[in-house]
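**Q** Protein sequences, first through last, are from chains B and Y. For the first sequence, the UniProt record's numbering begins at 1 and goes up steadily by one. For the second sequence, the UniProt record's numbering begins at 1 and goes up steadily by one.
Bear in mind the hints are in silico, worked out from the structure with no lab data behind them. Be a bit skeptical, because a hint or two may be false.
[To be verified] Restraint ranges, calculated between C-beta atoms of paired labels, are given here:
(1) E32/Y with V332/B: 53 to 63 Å
(2) A553/Y with D467/B: 28 to 38 Å
(3) A473/Y with R5/B: 50 to 60 Å
(4) A498/B with A470/Y: 54 to 64 Å
(5) S62/B with A553/Y: 50 to 60 Å
(6) V332/B with S62/Y: 46 to 56 Å
Yeah, the Cβ is synthetic: ideal placement off N, Cα and C, and Gly gets one too.
There are 2 protein chains.
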Amino acid sequence: MIARREVEFLLYDWLKAERLTALPRFEGQTREDWDAVLDLAERLAGNDFLPCNKIADRDEPSLTQDGEVRVQPDLREAMRTWLASGLQLAAVDAGHGGMQLPTVVASVALAKVMAANVSGSAFMMLTIANARVISDFGTPAQVELFAAPQHEGTSLGTMCLSEPDVGSSLGDITTRASLDGEDEIGRRYRISGRKMWISGGGHDVTEQNIHLVLAKIADEDGRLPSGTRGISLFVVPRVLPDGGRNDVTVAGLNHKMGYRGIPNCLLNFGEGMHHRPGGEAGAVGWLLGEPGQGLAIMFQMMNEARINVGLGAAALAWRGYVLSCEYAAERVQGRPLEDRRAERPVPLVRHPDVRRMLLAQRAIGEGALALCFYAARLADVSRSAGDAVERQRAHTLLDLLTPIVKSWPSEQGLLANHHAIQIHGGYGYTRDFDVEQLYRDNRLNPIHEGTTGIQGIDLLGRKILGDRGAGFAALQEEMQATVGRAGADVELAAIGAALDAARREVAAVVDGAVARDDRPAVLAEANAFLEGMGHLVVGWLWLDMALAARQSADPAVAEAALWTCRHFFAAEMPRIAGMLAPLTADAAVTRRVPERIFAAV
Amino acid sequence: MIARREVEFLLYDWLKAERLTALPRFEGQTREDWDAVLDLAERLAGNDFLPCNKIADRDEPSLTQDGEVRVQPDLREAMRTWLASGLQLAAVDAGHGGMQLPTVVASVALAKVMAANVSGSAFMMLTIANARVISDFGTPAQVELFAAPQHEGTSLGTMCLSEPDVGSSLGDITTRASLDGEDEIGRRYRISGRKMWISGGGHDVTEQNIHLVLAKIADEDGRLPSGTRGISLFVVPRVLPDGGRNDVTVAGLNHKMGYRGIPNCLLNFGEGMHHRPGGEAGAVGWLLGEPGQGLAIMFQMMNEARINVGLGAAALAWRGYVLSCEYAAERVQGRPLEDRRAERPVPLVRHPDVRRMLLAQRAIGEGALALCFYAARLADVSRSAGDAVERQRAHTLLDLLTPIVKSWPSEQGLLANHHAIQIHGGYGYTRDFDVEQLYRDNRLNPIHEGTTGIQGIDLLGRKILGDRGAGFAALQEEMQATVGRAGADVELAAIGAALDAARREVAAVVDGAVARDDRPAVLAEANAFLEGMGHLVVGWLWLDMALAARQSADPAVAEAALWTCRHFFAAEMPRIAGMLAPLTADAAVTRRVPERIFAAV
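Go ahead and model the full structure; you've got the sequences and the hints to work with.
**A** Right under this line is the structure:
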């Protein structure tokens, strides 16, 4: 799925991950330690998660009469094997019993599972992120009761943000928390409300299930504060510390196009049959952090989830590429363009249009993996570098790139999987071949954890206009450094010049946006900026990888990286100008178009 | 689904279809006659086909133990209602009992059903095209026995081209035909072989099923001729004229991502259990036309099918647009960009990024419908105009545009349906909402009846290089005429100038391709040309529609057309240069990239 040679190129040749061992947090770790964890992930992916990927797609989770959610049994067993393996501890602090490996190494391990079974991996990424939030913000008792079981493999975790009527607009949530007292765990509340789109919201993998729930604390008159600043975060376990069941019920399952191994639930809090005798109505939850901090805390989990959504999309794109390569080498069809009357048909890979679709997939799959691993490495530096300036710079870059890391792999990954189906022809459209499922699975990624539209506004509004282009200036310095290094290489210098031209195009747009005193007008075309900026960033990474390829010890992977870089600059970078056009034109169509035209259908 | 006002704009305001009544073939017909047929189609679509669209997706066809294919019962009934309605006779010659309406009118009727239930419509388009081929090339007995039942509604039809190992490369088929004698129906053969991807290859809608089968006639030594010129076409009925069953068996069903209402079969000819006592082995079929003419005849059906694939994709894009408009008007979420702190959330349509996705869908859906209807009108003129020069010109334009009509709606329609899901958010990813199915259904369209890759080579190889740009010259004259008419309109004159600039870009590529004496090198980037040319053609149609909108009696539809034209020129036309880049760069990556890099995974 994601072969070791690919990982070695990205992680060691290109990202020089071993340099992280110079940071105190990773002191004494060796590449061999990391490789052992990657071996473990590879075994789990290949032996446990891949074999049930299609089965768990076909036999999606079901809700039993008594309100329990059944996960497809093979996937349930794979999850238990994973929990028992301790792989979830890869990046966890040693103080919490973890291996304390770099995030970038843990990300590679996760990506291997994602490529094999993305919906299974979703259980994991939610659990890991949930436990980290509790570890970072919880009281010692909360960490012990709610994070430790997830680290130890006896619980899974969820994040509960959306509601049936509230998707992207979290300020409007109506889930309610009423103070119920204080105990050794913390401030105890009764939670009531409905949470929608809860992945892993019910399951029979582990008995315990730790929900992190956004809710609003009612004032004395029972009113909820308005807007996002009134949101607090609560830990709501399925099983209470006394062993009883909390009042959390699965009200229904969503039936998805793909990503079907993991249940996606409508969860009712405090509306179920399990009112505790003598207790108040409502599910029992404990406040995490301070009142009103909910969204700020949750966004730590959300940012991590966004990077992992990008990573999952990248892994699906890469797997489609690998399957396409195999099929294109084996399947014999048609005559070469150079010899239309040849006696025998040739393998698909001989046709330039098939090679185009293979290169496009490689550019997207490997480019998106590179983008996500780069972001994970930034996360490591931003948290653990000794130098505060270095930490801050990594933080700024990661903050700027996060919406791109979330959306570029998600949107482009679909295109990659589209090509994978196309290479398989009619067979690719059937459920007998795996590419069909990749395409359906991947379609979720532009939606969950913030739609592409939300990412565009985050990028242009918060990350560009919000700091008047300061973060983008840092990014440009990184790009210019790469261009500088390319200058000594005859071929790559030309590609560097093309990158620099594209950078200037985007910079001109940024300058115009910052200078323009009409934020709504600029934000109206945020998607165009996200699209163009995504291509610019990945183009930069491709040049940077091509430079690393010149030094790589694996000539086959190096050659592939160089050709993919050439492809990206021949076929993709020229598209940036077109992507940015709505930002530079003064038509302002999306703002000016009257709503009534959409009634004329 | 496709509202009457939309049809009136496209068919009457823009395409001026009523002028066709001046042609002898349509003499005496009135708009009222046509509207009655459109009413019938609308009733069938709304009452019969839409209600079972989702059900037939869920309960896909099954193969019974005794080899019969069960179609979902509601869809089966809808098909029978359609057959009884006579709608299949819309464009059929009066001499064959048809209504002899213009193809463009019949296409509008078909599109209405397609928007409601595309897999149901596939039965229809195959049946109509099958009967037309037999009517055009068959002996009187063949027409009577095999076309008439399809016209009368007692049979459906199929086209049997591909084989398990032969998809796009038909010269390699191995289905064999051996002469079995001559009777009053024609030259009788025994057919043996396996045909793959046969839509409607088995069903329980009608007892009879007429297969048109490509096969090769064995020589005296039993050898099959090589290449496409050895291919002949045979009519192979499921039920023989004597009432017995022919030796055609369904060996298996393909399980598709979408398009699931219609069974897609592996058909065995002459390999089943039904050997006739005393007869030779093999299914009984009669030669249609002359030996070796098979592919030429089948391409009449194929060209019609290609236009209808585009039409189906367009209809699905349009339906997604209509559903998106409804949802975006109803669903309330988030605050407007102009007032982020507004107390109440606003309907989705208020957000510019949602309007962008609505406009994109309208531009694709209506643009693709316009493209297909324009092609259908060209088909009418090419067959029925009194003037030979006019007929020839229409034929040339249709020939040039067919690969674009097939592929632009198919590829862009997916993007439109992607936007439709995105507007619906998480709900759009569930099977509770219709947009999820549209996306899966539409994914077939870039594959069947010639993949997008095949269309690119057809366009650039046969339609451009094949005539050294003569057909493209005719197309450019049409475009220039539109630009000329736009000159009198202040706003549209500027759009006309942009169109003309894009036309010159594409023309420069064509000139370069024609001048270059290296056909394989040019064809290696055929997809880039198909992409750029598709956008150019649809941009031209949008300008042409905007001009028609200035004169339209329906101000709401006219306003929508004008805004959609503005959107297309602001957001889509600037992409053409990027699309064409691989044709103008000298990188030639897809040709030069060594195959071995695809082994390095």
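**Q** Taking the hints in turn, state whether each one holds.
**A** Consistency of the hints with the structure:
1. E32/Y with V332/B: 53 to 63 Å: holds (56 Å)
2. A553/Y with D467/B: 28 to 38 Å: violated (52 Å)
3. A473/Y with R5/B: 50 to 60 Å: Distance hint for A473/Y, R5/B holds at roughly 52 Å.
4. A498/B with A470/Y: 54 to 64 Å: violated (36 Å)
5. S62/B with A553/Y: 50 to 60 Å: Taking Cβ atoms as reference, S62/B and A553/Y lie about 55 Å apart, which means the hint holds.
6. V332/B with S62/Y: 46 to 56 Å: Taking Cβ atoms as reference, V332/B and S62/Y lie about 32 Å apart, which means the hint is violated.
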